[in-house]
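Now for the letters of each chain:
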Amino acid sequence: MNSLIEIKNLNHKFSLTKKIKINALEDVSMSINKGEIFGLVGESGAGKSTLARCLMNIYTPSSGEIFYSGINTCDKNEFRKNRKFLQTSRQIVFQDSASSLNPRMSVSDIITEPLVINKAKPTHGSYRDEAAYLMELTGLSPALLESFPNELSGGQRQRVAICRALALDPTLLLADEPIASLDVSIQAQIVNLFLKLQRERGFTLVFIAHDLAMVEFLCDRVGVMYQGHLVEVAPSKELFSSPMHEYTKALLSAIPIPDPVAERNRIIPVFDGIQLGKGEMREVLPGHFVRCERGDNAI
Amino acid sequence: MDKQFELVGIVNAPDDGEKGRKTAVKKRPVVSAVILALIVLICLFCNLVMTKDPTYMDLYNCNVFPNGEFLFGTDMLGRDIFSMIWYGGRISLFIGFFSTLISTFLAIVIGSVSGLASPAVDTVIMRATDIFLSIPSLLIIILIQAILGTANALSISFVIGITSWTSIAKVVRTEVLRIRNSEYVIAARCMGSGLFHIILKHLIPNFISSIMFMVIMNIRSAIVTESTLSFMGMGLPVEIISWGSMLSLAERALMTSSWWMIVIPGLFLVATLLCITNIGNYIRKENNKSHSNL
Chain W
9 MNSLIEIKNL NHKFSLTKKI KINALEDVSM SINKGEIFGL VGESGAGKST LARCLMNIYT
69 PSSGEIFYSG INTCDKNEFR KNRKFLQTSR QIVFQDSASS LNPRMSVSDI ITEPLVINKA
129 KPTHGSYRDE AAYLMELTGL SPALLESFPN ELSGGQRQRV AICRALALDP TLLLADEPIA
189 SLDVSIQAQI VNLFLKLQRE RGFTLVFIAH DLAMVEFLCD RVGVMYQGHL VEVAPSKELF
249 SSPMHEYTKA LLSAIPIPDP VAERNRIIPV FDGIQLGKGE MREVLPGHFV RCERGDNAI
Chain F
15 MDKQFELVGI VNAPDDGEKG RKTAVKKRPV VSAVILALIV LICLFCNLVM TKDPTYMDLY
75 NCNVFPNGEF LFGTDMLGRD IFSMIWYGGR ISLFIGFFST LISTFLAIVI GSVSGLASPA
135 VDTVIMRATD IFLSIPSLLI IILIQAILGT ANALSISFVI GITSWTSIAK VVRTEVLRIR
195 NSEYVIAARC MGSGLFHIIL KHLIPNFISS IMFMVIMNIR SAIVTESTLS FMGMGLPVEI
255 ISWGSMLSLA ERALMTSSWW MIVIPGLFLV ATLLCITNIG NYIRKENNKS HSNL
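Those protein sequences? They're chains W and F, same order as listed.
In terms of the numbering used here, the first sequence is numbered consecutively and its last residue is 307.
In terms of the numbering used here, the second sequence is numbered consecutively and its last residue is 308.
Careful: at least some of the hints might be erroneous.
Selected chain W positions facing chain F (in silico; Cβ < 7 Å) [as the list claims (entries may be wrong)]:
{"hint": "1", "residue": "Thr68"}
{"hint": "2", "residue": "Ser70"}
{"hint": "3", "residue": "Ile100"}
{"hint": "4", "residue": "Ser107"}
{"hint": "5", "residue": "Ser108"}
{"hint": "6", "residue": "Leu109"}
{"hint": "7", "residue": "Pro122"}
{"hint": "8", "residue": "Ile276"}
If you only want the chain F side, here are some residues facing chain W, beta carbon under 7 Å, derived [unchecked claim]:
{"hint": "9", "residue": "Tyr198"}
{"hint": "10", "residue": "Ser207"}
{"hint": "11", "residue": "Asn220"}
A few chain W residues that don't get close to chain F, going by computed Cβ distances all over 10 Å [unchecked claim]:
{"hint": "12", "residue": "Met64"}
{"hint": "13", "residue": "Ile66"}
{"hint": "14", "residue": "Gly72"}
{"hint": "15", "residue": "Asn110"}
{"hint": "16", "residue": "Leu176"}
Note that these hints are calculated values from the structure, not bench results.
Yeah, the Cβ is synthetic: ideal placement off N, Cα and C, and Gly gets one too.
Working from the sequences, and respecting the hints, build out all of it.
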């Protein structure tokens, strides 16, 4: 498979004051293939959202390179040259649907906003028809075209946000914890919607989530992040059946088992939160990368 | 069985939606709006109600007490006050609205630029605004008016407009700082929208309600400033009729004890300002209730 995104030695620092700096991303390297669903998991503050925002050029990384379809998006000149292509082919869905939709814009205005901005011609008649088509695609009733975000439920709002992201028919869709603020039944609907849309349209989906069960269900490949480092990347099935890195093992064992006896008797491996130093990704099995401390042969 | 079910069944919540709506209607400033609309309309179509030529100086009828012919009396130059009120109201209201238009435009541009720019540029703009704000506005107005030369309605409103944007600009900046980090603006940026689109579609609709009160109050203070200037003899000359320039005759009127010359234009001024204040207050309260995000 050919890769859509290549990330090479990406670092990102946030400076709180002049002296104190926080390393949100440290030496992250990976690739994401065309047409796959890539999951990104990790605890809060692991740098998942920062990585997503670097991919979208919302943040400019401190160092490192991101190649999107062969274009180095971190390079200002290259970005400027391919601005239109990059901005139309990459779209993002945020976690909080309440703040990602302008409360003063109607649903149809929100959905067609990317088309209006890029002066793109709607493929299904007028802008309104295009909005109605996209709404039906994501399971929303076109009767909601003229309503405002505060009149919608959380699940409906998230669907509107997905409609907006799909309006330009992107190649890459980034979903930054799109299900974290929804309740469980709606989460299932949205995840199924992502799966359906991805199969129909064949875009590449980067899915960030806390919920490991959802990631196992949805994703083809999964990356695990810890304290700004990428510690393990593997095909979903393999990662969940035979995790290699200590942190991944600890993280996966935190998934509750729906059986009281097993739940009571199980021993949770404690990950003592060691500071990760210099390390490198090693391909342990074909397609299964694990981060190893440098000079350390054991995993 | 049925009865038991009824006991524990659903209790309908008392329907007090109607009541709530009624109180909301009560609080609406209907009287103020009607009076203001009447004053504005009559001033606009003053030709239909004026009984005399407001600029004609009838020297045989100076200082006449209100009577059948001169409804509100005449001033010491023999002009009919009833006609002058409507004719001059046009100028006063024009100055109020036009200077507010100028100051609001300036405030939105400066506030948005300051809010969206880098911290260094923002600091420079805000400190400049602070300096501007710390100079007494009357002083700047007189200075700029002196540079512009003889006052007319347009120059007065321009001068008032470019001196009264500061406080609105500060509010706009604070709101822009809040809105610019919200995810819908970030999403719009990712889609490649320009600065103009973001200001027009995302920023203005979201902060307009919070500056609406200040904008309405700006109309009021512009009218007051024009009256103050005219009263002090630095605004419109006596031959251009406005409520302010009518009041500028006050000192001489006091000497001849012709009170109607002050009280009647003053009454109209106060009535208009009260109506505007009332509507402004209503808008502020409505805004405080606010359009919930959830």
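Item to check | Violating hint indices (sorted, rising) | outcome: Structure breaks hints 1, 2, 8, 12, 13, 15, 16.
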